[in-house]
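J.: Required output: the full structure, derived from the provided sequences and hints.
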Amino acid sequence: MKTVLKNQFNFRSACYAITACLLFTGITSCRKDDPKEQRNVVKVSDFTPNATFVVNNAEENMPVWVHGNKDSKSIILVMHGGPGSDVLDFRMYQDGLAFKKIEVDYQVAYWQQRASGQSKGSDNSKYYTIDQYVDDADKVVDQLRKNYPEKKIVLFAHSWGGMLSSSYLKDEKRRNKIAAWIDAAGAHNGTTLLQTTTDDINAEADARIAAGKEAETWKEIKEAVKEQPERVNSLAYLVTSEIPEVVIKVSNADFKFTSRADSSNPPLFKEIVKRDNNPFLADIKMPCLVLWGKYDFAVSRTYQKEFLKNIGSKDVTNVDFNASGHYMMFHEPDLFARSVIDFMGKYKL
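According to this note's numbering, the sequence shown holds residues 8 to 356 in order.
Since the hints were derived computationally from the structure, they do not count as laboratory data.
Note that beta-carbon positions come from the ideal geometry of N, C-alpha and C, so glycine has one too.
Any given hint could be a false lead.
Stated by the list, open to error - Straight-line distance between alpha carbons at most 30 Å, and here's what the computed BS3-like set of lysine-lysine pairs gives:
#1 K146 - K292
#2 K127 - K263
#3 K158 - K177
#4 K355 - K158
#5 K80 - K277
#6 K277 - K146
#7 K153 - K108
#8 K316 - K301
#9 K159 - K177
#10 K159 - K146
#11 K281 - K133
#12 K281 - K180
#13 K355 - K177
#14 K281 - K321
Stated by the list, open to error - Have a look at the derived ranges for each label pair, beta carbon to beta carbon:
#15 K321 - D149: 26 to 32 Å
#16 T198 - R152: 30 to 36 Å
#17 N209 - K355: 42 to 48 Å
#18 E157 - D178: 23 to 29 Å
#19 A214 - R152: 46 to 52 Å
#20 K153 - T324: 40 to 46 Å
T.: Okay, structure coming up:
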């Protein structure tokens, strides 16, 4: 194994227990306080949105920034990952190329979830539940409908956003507020999250070893997975960095988490690993776009297959990103933007 990779696999050995460090922006590594975490902080003054409003719910003030084409018939509501990541990363990381291309044709509403980024409120674990975040989402949707009564609302969800959006869409009244669903590597089933990551990494390692491609590195990756099963989701991102087919590299260290984001994640993760929304997907009949990276080890392509098998909609578009890991909007921004724009146009959204 390369020395740098070996060091990465062994870093933070004294970090939190699994329930305190598993995140998924996808699920990312646990972290210590580090002033370098602030190097990518986004200031509201860095951009000028079409509109900004704040949704107040259950002791939380959550900002929503609306960017893009005011003349579009639809508005795309972004449900970011984490829990606890910053929605503005989609617009600012690597210049936000994918979403800024989408904004040429459509309005996009960037909702900062509870305990994330610039959201302000009580750091109380009673509010860190999936059901509370679903209620928050509904308040955001209702405010968008009030502000833009003539526009259709399309949900875009990435990673943890897949759990949040699929939980939101379980209810018929809430489904009726939404015109379409874009699922980008959404973790709609948390019950097998850790096992599928382990299986996928081992399968990739076996294939690379058999092909004689960096065999020693991949043998040590397998060893690391075996020796540190509690850190398998952290390892998932390091593994993606070893894939030469993923040309544009994305480092989790570039993404920022507030202290409240860190504290909100463990109680939510405990719920996530117990929830499977597969049984409810059959009730969803709206047009759906499914986006997945070929080398996504954080949220397995097993979930892509489950989605396509269980979704009730007959209007499903599936796009594979063959040079991507978990962050296909950054790994392949042109394909990502084109896929979303084509989908929206196909269904006249």
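J.: Does each hint hold? Answer for all of them.
T.: Evaluated hints:
1. K146 - K292: holds, 23 Å
2. K127 - K263: holds, 16 Å
3. K158 - K177: This hinted pair holds, its Cα atoms lying about 22 Å apart.
4. K355 - K158: With Cα atoms ~12 Å apart, K355 and K158 stay inside 30 Å; holds.
5. K80 - K277: violated, 39 Å
6. K277 - K146: Roughly 24 Å separates the two Cα atoms, so the pair holds.
7. K153 - K108: holds, 26 Å
8. K316 - K301: holds, 18 Å
9. K159 - K177: holds, 19 Å
10. K159 - K146: holds, 16 Å
11. K281 - K133: Between K281 and K133 the Cα gap is close to 18 Å, so the pair holds against 30 Å.
12. K281 - K180: The hint holds at about 25 Å.
13. K355 - K177: Holds - the C-alpha atoms of K177 and K355 are around 24 Å apart, at most 30 Å.
14. K281 - K321: With Cα atoms ~28 Å apart, K281 and K321 stay inside 30 Å; holds.
15. K321 - D149: 26 to 32 Å: holds, 28 Å
16. T198 - R152: 30 to 36 Å: holds, 33 Å
17. N209 - K355: 42 to 48 Å: Given a distance of about 44 Å, which is inside 42 to 48 Å, the answer is holds.
18. E157 - D178: 23 to 29 Å: Distance hint for E157, D178 holds at roughly 24 Å.
19. A214 - R152: 46 to 52 Å: About 48 Å separates the Cβ atoms of A214 and R152, which means 46 to 52 Å holds.
20. K153 - T324: 40 to 46 Å: Violated: the Cβ-Cβ distance is about 30 Å, outside 40 to 46 Å.
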